[in-house]
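J.: By the working numbering, the letter at position 80 of the sequence shown is numbered 80, and the numbering carries on one by one without gaps.
Just so you know, these hints were derived from the structure itself, not from any lab.
Every residue, glycine too, gets a C-beta built ideally from N, C-alpha and C.
Any given hint could be a false lead.
Here are the simulated BS3-like cross-link-like pairs (lysine-lysine), alpha carbons at most 25 Å apart as the crow flies [as the list claims (entries may be wrong)]:
| id | residue 1 | residue 2 |
| --- | --- | --- |
| 1 | K108 | K17 |
| 2 | K64 | K28 |
| 3 | K28 | K108 |
| 4 | K108 | K22 |
| 5 | K17 | K28 |
What follows is a list of derived Cβ distance ranges for each label pair [what the hints assert, rightly or not]:
| id | residue 1 | residue 2 | range |
| --- | --- | --- | --- |
| 6 | A119 | T15 | 20 to 26 Å |
| 7 | F19 | I104 | 34 to 40 Å |
| 8 | E116 | L26 | 25 to 31 Å |
| 9 | R129 | H106 | 14 to 20 Å |
| 10 | V33 | I104 | 26 to 32 Å |
| 11 | T20 | I104 | 39 to 45 Å |
| 12 | K22 | F122 | 25 to 31 Å |
| 13 | I104 | M127 | 33 to 39 Å |
| 14 | K64 | E116 | 35 to 41 Å |
| 15 | W100 | S53 | 30 to 36 Å |
| 16 | D72 | E99 | 28 to 34 Å |
| 17 | V33 | L118 | 33 to 39 Å |
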Amino acid sequence: MGLFKEKTPSYEDETTKAFTNKLEMLQKRSRNVESRCTALNNFTPSVSRMMHSQIEKLKSSNNKMQKQLSADCSSLAWLTEQKACQEVDTNETEDTQEEWLTAITHDKQERVNRLERLAEEFQYGIMERRK
1 MGLFKEKTPS YEDETTKAFT NKLEMLQKRS RNVESRCTAL NNFTPSVSRM MHSQIEKLKS
61 SNNKMQKQLS ADCSSLAWLT EQKACQEVDT NETEDTQEEW LTAITHDKQE RVNRLERLAE
121 EFQYGIMERR K
């Protein structure tokens, strides 16, 4: 038995790390969605009644009134989601938007990196041809 403990090699590469990070992000998002769904389900019966009454009004109204009621329905849906998020004690819409923007930024950065590598390879190929 030696004096030093041998280190076990780490086989985790960048692809595995990226996959693990993506998986953790998706799990976090799914937990957020589940908590939001629970809160939204608590509001569903009363909101459903309000929506059905708005739909009946939409069916029997003119074009101008339909636009107004449609806008009212949209704001009602937004307020319902906000109320549900407040019940969970978080504002998940901002967190979700921030996560989405982070993911988009990360994807765009990966594309830029790939394009830079391709440009370098292309430039290297041109230089090799000139020799």
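J.: Could you tell me whether the CB distance from K22 to F122 stays inside 25 to 31 Å?
T.: holds, 29 Å
J.: If I claimed the Cβ atoms of K64 and E116 lie 35 to 41 Å apart, would that claim hold in this structure?
T.: violated, 54 Å
J.: Is the hinted pair K64 and K28 satisfied, with a Cα-Cα distance of at most 25 Å?
T.: violated, 43 Å
J.: Starting from the range 30 to 36 Å, see whether the pair W100 and S53 falls in it by beta-carbon distance.
T.: Roughly 34 Å apart at Cβ, these two residues keep to the hinted range, so it holds.
J.: In this structure, is the beta-carbon distance linking R129 and H106 contained in 14 to 20 Å?
T.: violated, 35 Å
J.: Is 33 to 39 Å respected by the C-beta to C-beta distance linking V33 and L118?
T.: Between V33 and L118, where Cβ atoms are some 37 Å apart, the hint holds.
J.: Regarding V33 and I104, is the given constraint of 26 to 32 Å on their beta-carbon distance met?
T.: violated, 19 Å
J.: For K28 and K108, compute the direct alpha-carbon distance and say whether it is at most 25 Å.
T.: holds, 22 Å
J.: Do the beta carbons of A119 and T15 sit within 20 to 26 Å of each other?
T.: holds, 23 Å
J.: Given the range 34 to 40 Å, decide if the beta-carbon distance of F19 to I104 lies inside it.
T.: violated, 18 Å
J.: Within 25 Å, alpha carbon to alpha carbon, are K108 and K17?
T.: holds, 18 Å
J.: Do D72 and E99 keep their Cβ atoms within the hinted range of 28 to 34 Å?
T.: holds, 30 Å
In summary, the structure is inconsistent with hints 2, 7, 9, 10, 11 and 14 from the numbered list given earlier, while agreeing with the others.
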